[in-house]
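Enquirer: Now for the letters of each chain:
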Amino acid sequence: MTRLSPLSVPYRAVQRSASIAFALAFLAFTGGTTFGGFLGGLGAVALVGVVVVAIAGYELAYFRRFEYELTPDTLDIRSGVFSRRNREIPYRRIQNVDISRNVAQRLVGIAAVDLETAGGGETEGSLRFVSYEEARRIQSEVARLKRGGKDGDASEPEQELLFELTPRELAIVGALSFDLRLPGLVFVFGSTVFPIVASYVDVPVPAGSAAAATVGILAVGLLVALVSWAAGFASAVVNYYGFRLTRVGDELQYERGLLQRYNGSIPLDKLQTLTVEDNPLKRRFGYATLLVETAGYAPSSDGTNGSGGGRGSEAAIPLATRDRVLGLVADLEGVELPTFEGPPTRIRRRYAVRYSLVLGAATLALYGANRFLPQEIPWFVPLALVPVAVVAGALQWRHRGYALTEDHIVTRNGFWKRETRFVPYYRVQTVIERRTIFQRRWRVSTVTADTAGSISLVGGDATAVDIEVTDAAELRETLNDRLREALSARREARQQSRQAALGIRAAEPDRDADASDSGAVTDAEADVSQTPEFVEEAEPTTDEADDDAEDAADTGDTDAADTDTDDADAAEDADAAEDAENTADEPAETDDPFIWGESVESAGGDEEKADDPDESSDERDAI
Amino acid sequence: MYDVHALGGIPVNRLHPRIRLLWVARAVVFALVAGGVATAATLFAPVPIPTFVPVAVGGVFLVVGVAVALLRYRAWGYEVRDDSLYLQRGVLTKVNTVVPFVRVQHVDSARGPLERLVGLASTVVYTAGSRGADVAIPGLTPEGAEDLQDRLKRLAIASEGDDAV
Numbered sequence: 032m033t034r035l036s037p038l039s040v041p042y043r044a045v046q047r048s049a050s051i052a053f054a055l056a057f058l059a060f061t062g063g064t065t066f067g068g069f070l071g072g073l074g075a076v077a078l079v080g081v082v083v084v085a086i087a088g089y090e091l092a093y094f095r096r097f098e099y100e101l102t103p104d105t106l107d108i109r110s111g112v113f114s115r116r117n118r119e120i121p122y123r124r125i126q127n128v129d130i131s132r133n134v135a136q137r138l139v140g141i142a143a144v145d146l147e148t149a150g151g152g153e154t155e156g157s158l159r160f161v162s163y164e165e166a167r168r169i170q171s172e173v174a175r176l177k178r179g180g181k182d183g184d185a186s187e188p189e190q191e192l193l194f195e196l197t198p199r200e201l202a203i204v205g206a207l208s209f210d211l212r213l214p215g216l217v218f219v220f221g222s223t224v225f226p227i228v229a230s231y232v233d234v235p236v237p238a239g240s241a242a243a244a245t246v247g248i249l250a251v252g253l254l255v256a257l258v259s260w261a262a263g264f265a266s267a268v269v270n271y272y273g274f275r276l277t278r279v280g281d282e283l284q285y286e287r288g289l290l291q292r293y294n295g296s297i298p299l300d301k302l303q304t305l306t307v308e309d310n311p312l313k314r315r316f317g318y319a320t321l322l323v324e325t326a327g328y329a330p331s332s333d334g335t336n337g338s339g340g341g342r343g344s345e346a347a348i349p350l351a352t353r354d355r356v357l358g359l360v361a362d363l364e365g366v367e368l369p370t371f372e373g374p375p376t377r378i379r380r381r382y383a384v385r386y387s388l389v390l391g392a393a394t395l396a397l398y399g400a401n402r403f404l405p406q407e408i409p410w411f412v413p414l415a416l417v418p419v420a421v422v423a424g425a426l427q428w429r430h431r432g433y434a435l436t437e438d439h440i441v442t443r444n445g446f447w448k449r450e451t452r453f454v455p456y457y458r459v460q461t462v463i464e465r466r467t468i469f470q471r472r473w474r475v476s477t478v479t480a481d482t483a484g485s486i487s488l489v490g491g492d493a494t495a496v497d498i499e500v501t502d503a504a505e506l507r508e509t510l511n512d513r514l515r516e517a518l519s520a521r522r523e524a525r526q527q528s529r530q531a532a533l534g535i536r537a538a539e540p541d542r543d544a545d546a547s548d549s550g551a552v553t554d555a556e557a558d559v560s561q562t563p564e565f566v567e568e569a570e571p572t573t574d575e576a577d578d579d580a581e582d583a584a585d586t587g588d589t590d591a592a593d594t595d596t597d598d599a600d601a602a603e604d605a606d607a608a609e610d611a612e613n614t615a616d617e618p619a620e621t622d623d624p625f626i627w628g629e630s631v632e633s634a635g636g637d638e639e640k641a642d643d644p645d646e647s648s649d650e651r652d653a654i
Numbered sequence: 183m184y185d186v187h188a189l190g191g192i193p194v195n196r197l198h199p200r201i202r203l204l205w206v207a208r209a210v211v212f213a214l215v216a217g218g219v220a221t222a223a224t225l226f227a228p229v230p231i232p233t234f235v236p237v238a239v240g241g242v243f244l245v246v247g248v249a250v251a252l253l254r255y256r257a258w259g260y261e262v263r264d265d266s267l268y269l270q271r272g273v274l275t276k277v278n279t280v281v282p283f284v285r286v287q288h289v290d291s292a293r294g295p296l297e298r299l300v301g302l303a304s305t306v307v308y309t310a311g312s313r314g315a316d317v318a319i320p321g322l323t324p325e326g327a328e329d330l331q332d333r334l335k336r337l338a339i340a341s342e343g344d345d346a347v
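Read top to bottom, the protein sequences are chains A and B.
For the first sequence, position 552 matches number 583 in our numbering, and the numbering has no gaps at all.
For the second sequence, position 34 matches number 216 in our numbering, and the numbering has no gaps at all.
Calculated directly from the structure, the hints in this document are not laboratory data.
Ideal placement from N, C-alpha and C gives every residue a C-beta, glycine not left out.
A portion of the hints provided could be inaccurate.
Stated by the list, open to error - Coverage of chain B stretches by chain A, computed from C-beta distances (three or more under 8 Å per stretch; other residues unrestricted):
hint : segment
1    : 213 to 223
2    : 281 to 294
3    : 297 to 311
What the hints assert, rightly or not - Computed list of chain B residues with no C-beta within reach of chain A, every gap over 12 Å:
hint : residue
4    : Ala-207
5    : Val-229
6    : Pro-232
7    : Thr-233
8    : Phe-234
9    : Val-237
10   : Phe-243
11   : Leu-244
12   : Gly-247
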């Protein structure tokens with residue numbers, strides 16, 4: 032069992048008390064001066080002191096009660112001051128291992144480690160904080176143990192630098208980034224502060240001429256653009272400074288960040304989808320962005336991990352020439368950019384009409400406002416944008432498309448920000464085909480290949496939008512078929528490689544290993560095939576059990592019922608069949624709902640049992 | 183609809199007709215609430231509003247809600263195919279979902295209090311997906327729901343879903 036870094040105690044204590052003490056001090060001092068002057072202030076100081084001591088004590092306890100261990104199969108974490116939690120995370124289920132260090136943490140040499148498994152809205156394993164060396168050790172150890180590595184083979188897997196962001200590219204990333212959050216903040220702040228300021232100072236409000244208003248709006252717009260551009264530049268540089276993407280064995284590792292360094296690993300076999308993203312500027316200069324999605328990242332992580340294409344996609348390549356990005360896609364997934372099949376031509380009109388309608392609505396709203404406002408406003412301005420709407424519609428139509436390659440479905444969408452998404456068939460979870468009431472008029476459908484990623488939560492699934500209804504139905508079925516084929520192909524490949532590996536091992540010492548292995552395989556198979564019977568055994572509903580008991584009592588042959596389970600099974604089956612017939616004949620209303628409620632519960636119980644053998648049988652490769 | 187046949191026809195399994203009772207009842211309750219809110223607004227509004235307005239609001243909600251409930255029943259269908267569960271539903275937006283059995287994580291059969299009142303149950307299929315993560319089939323008889331749950335469970339086990347994600 033290993034402890035966290037001792038330095039984490041003062042660091043956590045300072046971190047936590049800084050925010051709480053500040054808030055408390057603020058409250059106490061403002062409250063104190065109104066109530067008791069100096070005494071109140073003293074009380075406040077005492078209160079803050081008590082709180083700080085309490086926090087320090089808590090953090091010490093947290094440190095003393097937090098232990099983790101890298102066992103051969105799992106990462107065990109025991110934590111909790113008041114309520115204890117023992118968590119074991121199997122290495123095979125770990126999707127990402129991320130290390131982050133901000134400036135202060137780098138100064139004292141500690142790092143935060145986050146381990147993600149699939150699903151869930153939170154980080155499953157979080158170590159706050161260990162020394163940086165220990166963090167790197169955990170990262171590489173998890174990778175090694177996941178491969179089933181023994182202590183002996185400590186050989187470093189080969190490293191291959193896939194991508195490094197040059198300073199020039201970093202500058203371009205910054206130049207092409209806009210961050211609207213800062214202007215948003217300024218706006219919120221300004222709109223609350225301005226009235227207060229205006230009440231003290233006589234701010235010259237421009238006279239109500241249309242020209243002055245227009246100039247003012249333009250100036251504000253320009254300012255917002257400038258500020259957001261500067262903010263975007265700063266955050267991109269801070270986020271992507273020193274970005275490197277390396278392939279280490281069967282993992283991707285990335286490194287980035289100026290002030291806060293991020294450092295993470297993504298197993299290649301956990302990749303869900305790859306997305307190539309560009310906008311007109313990037314297209315013009317031949318650049319693109321690559322996003323990598325796994326099932327691990329919580330949707331909230333995009334908030335904490337900075338802006339600039341974060342979106343929970345940490346190994347994202349912020350910017351590189353298009354060829355390089357596509358080359359990397361080919362490298363990682365073995366898929367080239369296909370030729371896309373776009374929506375039917377008539378749909379181009381649909382998009383133009385749609386965007387024009389939006390403009391029409393805006394015009395109408397402005398016109399309405401014009402009627403009620405004392406001042407004349409230029410309500411007809413949106414109409415000037417109609418050509419833009421038509422162009423946007425044409426672009427939208429041109430960019431949309433899908434393609435089925437050998438192993439992937441590739442989709443492309445977006446008229447401004449164009450996203451090309453590569454999804455391997457074996458990653459498809461469900462296929463959803465939808466037609467809105469408007470789409471039905473145009474005889475088109477949208478087909479979505481849902482994956483287990485987390486970006487998808489904001490609507491980023493691979494989607495073939497507005498394709499012919501007949502094509503959509505075909506695509507839906509094709510995806511289902513190819514998923515099945517791809518899965519069985521993978522299973523076969525894995526079995527072969529497993530057998531090959533075992534064959535080598537078995538050839539040397541003796542044949543026993545081979546024999547025992549084949550035994551194990553048949554066992555597993557038998558397990559699966561037996562499961563339904565097993566389920567049936569576990570399933571007797573209350574009345575069936577009663578019947579059995581009665582039967583046994585009638586014949587007086589309790590021993591037979593106990594020992595000869597096969598017979599009992601057969602009897603149960605017969606009972607079940609009878610029951611089914613009876614209930615089929617009777618109308619459902621006569622059933623006592625309470626009994627059904629119970630049987631629902633028992634069904635839930637046997638579900639768990641049924642899951643268990645299944646879980647253990649495919650333990651080696653899920654998720 | 184003209185395009186249903188293009189999509190391979192209506193699935194064989196329909197919901198239990200009694201589900202309409204539930205959905206219509208829900209629409210009626212919703213219409214009553216809407217009417218109530220409209221009435222309150224009429225009573226406390228600073229400007230006089232004609233008395234027929236809340237009635238009209240309730241009436242519109244009632245008619246639309248009931249119509250949608252009935253249409254929803256007509257649109258719903260599902261099919262347990264060899265390798266997947268196929269669902270077809272939706273009134274305004276038609277949604278067809280294919281859930282391959284290899285992707286099924288677990289299957290529930292559930293009975294809410296209202297469902298119990300009309301003697302119905304539903305089956306919920308969970309996958310690891312992000313937007314189609316849980317797919318519910320309402321309007322089944324309790325035996326039907328359990329039977330379906332059992333069938334789906336066996337099919338999911340038989341399909342050897344090893345790569346859950």
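Enquirer: With reference to the structure, classify each hint as holding or not holding.
Expert: The hints, checked one at a time:
{"no.": "1", "hint": "213 to 223", "in the structure": "violated (count 0)"}
{"no.": "2", "hint": "281 to 294", "in the structure": "holds (count 10)"}
{"no.": "3", "hint": "297 to 311", "in the structure": "holds (count 6)"}
{"no.": "4", "hint": "Ala-207", "in the structure": "holds (17 Å)"}
{"no.": "5", "hint": "Val-229", "in the structure": "holds (17 Å)"}
{"no.": "6", "hint": "Pro-232", "in the structure": "holds (24 Å)"}
{"no.": "7", "hint": "Thr-233", "in the structure": "holds (28 Å)"}
{"no.": "8", "hint": "Phe-234", "in the structure": "holds (27 Å)"}
{"no.": "9", "hint": "Val-237", "in the structure": "holds (28 Å)"}
{"no.": "10", "hint": "Phe-243", "in the structure": "holds (19 Å)"}
{"no.": "11", "hint": "Leu-244", "in the structure": "holds (21 Å)"}
{"no.": "12", "hint": "Gly-247", "in the structure": "holds (17 Å)"}
In this structure, the one hint that does not hold is number 1.
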